[in-house]
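Asker: The chain contents come next:
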Amino acid sequence: MNETAAVAHATHESPGFVRTYLFSTDHKMIAKQFLWLGLIMMLLGGLLALMVRWELAWPETQLPLMNLISEKTWEALNESGSWIARMIPNGFISPESYNSLFTMHATIMVFLVVMPILVGTFGNFLIPLQIGAPDMAFPVLNMLSFWTTALGGLVMLAGFFVPGGHAAGGWTAYAPLSAQAIYTGVNWGQHLWLISLFILGVGSLMGSINYITTVINMRARGMTWFRMPLTIWSLFITAVLLLFALPVLQAAAVLLLFDRTLGTSFYLPAGGGEPLLWQHLFWFFGHPEVYVLILPAMGIVCDILPVFSRKPIFGYKAMAVAMISIAFLGFIVWGHHMFISGMNPSLAVGFSITTILISVPAALITMNWIATLFRASIRFTTPMLFALGVVSMFIIGGLSGIFLGLAPTDIFLHDTYFVVAHFHYIVFGFSILGIFAGIYFWFPKMFGRKLNETLGKIHFLATFITFNLVFFPMHMLGIGGHMRRIYNPLQYPFLEPLQPMNVFITVSAFLLGASQILFMINFFWGLAGKKTWEQNPWEANTLEWTAAPPRPPHGNFLTPPIVHHGPYVYSLPGSTQDWAPQNEELPGKLARAAAG
Amino acid sequence: MLSWLPENIASYGDKIDSLMYLVYYITGTAFVVTELALIIFLILYRRKPGRPAAYITGNRARQALWTLVPLAVILAIDLSLDFKGTPVWNEVKAAIPPSNVLVQVQAKQFNWEVHYPGPDGKLGTADDLVMDNQLHVPVNQVVKVRLKSQDVIHSLFLPNLRFKQDVLPGREIDGWFKATKTGTYPMPCAELCGFGHSGMYGQITVHSAEDYQAWVRQQWPSS
Amino acid sequence: MTSLLKDQPPRAAPAQPLPGAPPPPGRRPGWGDDEGGPRRDDSPMPGMATAQLGMLMFLAAEGMLFAGFIGAFLVFRFGNASWPPPMQPRLPVAVTGVNTAILLLSGYTMIRALRAAARRKPAQLRASIIATALLGILFLAVQGYEWVRLVSFGLTMASGIYGATFYTLIGTHGLHVVGAVTWLLIISLLLARSRFRPARRLPLELCGMYWFFVVGVWPLLYVLVYLH
Ligand code: HEA
Ligand code: HEA
Ligand code: CUA
Ligand SMILES: [Cu+2]
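Residue numbers (the numbering used here), protein chains in the order written: chain A, 50 to 645; chain B, -17 to 205; chain C, 2 to 229.
Don't read these hints as lab results, they were simulated from the structure.
Note that this is a predicted model, so its numbers are computed, not measured.
Any given hint might turn out to be false.
What the hints assert, rightly or not - Straight-line distance between alpha carbons at most 30 Å, and here's what the computed BS3-like set of lysine-lysine pairs gives:
| hint | chain 1 | residue 1 | chain 2 | residue 2 |
| --- | --- | --- | --- | --- |
| 1 | A | Lys506 | A | Lys580 |
| 2 | B | Lys30 | A | Lys638 |
| 3 | A | Lys499 | B | Lys104 |
| 4 | A | Lys579 | A | Lys81 |
| 5 | A | Lys506 | B | Lys30 |
Chain A with its partners taken away, still in its complex shape (with noise of 0.2 Å):
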């Protein structure tokens, strides 16, 4: 007791820069940390792409801006072995180099970019203060999450520049391409890969341990299950996720270290090893994992559409019970990624029939939306913009998915760039463009400032329109036959006449590219404008807006918060203004209301 009160007292008086901004064990900076990490990340994974993108175009011409270097440099470069020079000879990219940009890119953008922001960001900034907690149940393990994370981060990163180049296996590292060096003539690259998913798992389990226990036993008071933002259901279901999956990636990736350094076959035919192992552990971790990339997304939307339709969200419960099943389900279609794969067949038609069963939760979630915006009053403001994205960028990701789940035509569809299509509408049409309606929203909170709603929309269309003219030409090249991973399209006679479509996306993609230059003039002249805190701009139900003034001495609220109704009230009939903040208590007719 004693202890806790003296910390308590500790953050009150403020303390220095290094516990504010470095090992704070406030959630609110904890969450900031991570943002900053993914968006950086999200540079670089998104710079990879576009490299990616550059050489499927133009295949084996040299870089944008490397003729700038010399022929001398390149030579000094080439000579001292460095790592521009591996990466890039000569500003050129080669087939080795080509394997791990795309392993990189597709790693740094799940690992580095999606989880820690909508999981880290949005889960530890949002979770205490939507359901009315002072701060998480472990602070102190909340900052270990953090700087677990940039720790398996910084390994990650130092792949680059190791001897043999960063990993080249594809982010999903098959074995046994992947369980020795020989194969990719990757040695370092890869291990450091392992450990660093190791140490991201081990950073993301904290975060999934604190969130559950959180949103389990620190409710605040009349905060009952299904009074709960759909935000926190879904990053609730994320964390359950996580905890069950993550653990499986673990232990694969150690047994696969172990195949690299000791000597072991789990995964080599030849010592009595089974290559398909790693594909059922991988996808068992990696179907649970694409929800992980979509979840907290979703309850975003649930969130942000009520809040400019000024109407309830449609089936509140039907809402959580769909994430709910989806999650479950999630755990046992994994082997839609393994149809050709050299399984049994006999299994296809089971994963099959799950896989495809998905799609009735998905589309409950999808028709709720498209109701809750049935006899609304829709205010288009740019998050709003980009939660509309998300919507309609889910049906197409969702329904390319059929295509693939039912497994005879995924014989054909299988490693094509139809897949290629499929994962990105959902990666980027749904978690990206959930990221940037989760900033533009929760902006003002935390950072006491709103950006700039001009802006905002002009990056809502650039990105929306570039994003569709870059991601929705894969589908025809798929449907061609154009395989994923291929360094030089050219090689093929074949796909030949396909590559104007390649150009034409890689025009594209610069220019989605270009697009988030607005979001970074917007990102940073919002930061440098003047707070002004003002409390609930969008005219909210949820705890956090509530919550003032935007820095209390310690905790998060200045009194704990009673919660009198589920966070959905919007124009309810009888009212006199169209919104009901969850912790105001409504007349008593109204309430009856309310709570109906």
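Given chain A, put chains B and C with the ligands in place with the hints provided.
Answerer: Frame of chain A, contents of chains B and C with the ligands only:
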């Protein structure tokens, strides 16, 4: 969109393609309906002064019907897709019909080594013939392919034959196809298998019955 | 682990009761309060302290880690026609059986320790904790001895899939026992220094949960790995 599909020359290709079309029409309809509803709602219910939003929670049974009925339809569609897909899958991947033509495709970084059994019809005998990246098969005959790998996982992809099968080291995997049209078609590798994955590429030549006999005589002149 | 618990969120709220919100008796941090509110019947695990809940989640993750390794093991165990593969040393079934009993016994002493703590009997508590730690160390010693012998018979990580799965699975468990014993030793040190205080019970309870996990996994591993 599906017109981008490469020409189909497989006996079972039609079944796969028509499934593809079926999914295409179903998802196309779902796409149009949902996106259209979205756009219409966005236009109709944009904010207008003096018109408050309705208070619809969707929790009442009557309201929930609006989603439950379409859900039931989707469930029915899902099940019928599975119902239609399973026999096709079983035909293509599960059971291999009796066949007179056997070839072994042995993958290695970064070539398809095609082993022909020769006149004795047995692999691993002296009259075997090995060709790099050239697969010769007769038209209108069931061809059984035995897939092996020497090193890592590869994937034999025959776009025109709607054939794709991963090739695993330490295992023999059998596949089959029946080509219905003569000609030369691409035979790339579809699974990342190292820096030479891009460009791991061969050709399948489908011969007419006479051509195939001639080719066989040319390869094994003694018999 | 223990240090993490120190920084639990300010329990200040219960300390300064707010009007209309009398604090619960100290088990729940934060300002959750069950009186009158709908939370009492709604909470899935009423009364489960936050630290214990966190521990439970940690153990769930640990369980999945073992599930991953066990899954891999089963693939090889049932994927191979003969197991153990021919020409491989046999595992010491009997000795390990005794060792299993030792570990199970340590589970019992742990229960006694927790009971002693609940009844505030410092002497019994200290004795049980030390007994538990010693049994754990004994278990590790026997395991270590076995490993040395097995290695000398040629069973190593690199000697084939049999050795690799054995050392990975049993080694992972062994590492967990090492961690648990260390934790126990720290607790007994703390107990020796300061007299037993109720405030010390939480770390003890957590350690107990961890210990039960480590003990509970073992029989499963014994049956799977040693008996065939
Ligand atoms: C965040 C990410 C995310 C999400 C949410 C999904 C969602 C889905 N995915 Fe996707 N997927 C990936 C990310 C994701 N996927 C990635 C990264 C890969 C590639 C990995 C790699 O190999 O590198 C992949 C690969 C992949 C494959 C393997 C392809 C292959 O390699 O051959 C399959 C196959 O079944 C598949 C299916 C599905 C399905 C059925 C869904 C479903 O959840 C979709 C459900 C949604 C809907 C169906 C839309 C909404 C519903 C309606 C509008 C109602 C109408 C519907 C009907 C009438 C059916 N995905
Ligand atoms: C979350 C996941 C994610 C995201 C967001 C993306 C985004 C993009 N991806 Fe990615 N991609 C994957 C996950 C992702 N990808 C995966 C899993 C694979 C499979 C890999 C494998 O096969 O192993 C893959 C593979 C892949 C390929 C196939 C390579 C191949 O098979 O050979 C291609 C090719 O076009 C591609 C392109 C792109 C492009 C153009 C983007 C663009 O959308 C990127 C645009 C973004 C930017 C240009 C950055 C902008 C910068 C900011 C917003 C920063 C703001 C900063 C501050 C304010 C400080 N990707
Ligand atoms: Cu062989 Cu790719
Ligand atoms: Cu999947």
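Asker: Looking at the structure, which of the earlier hints fail to hold?
Answerer: 3
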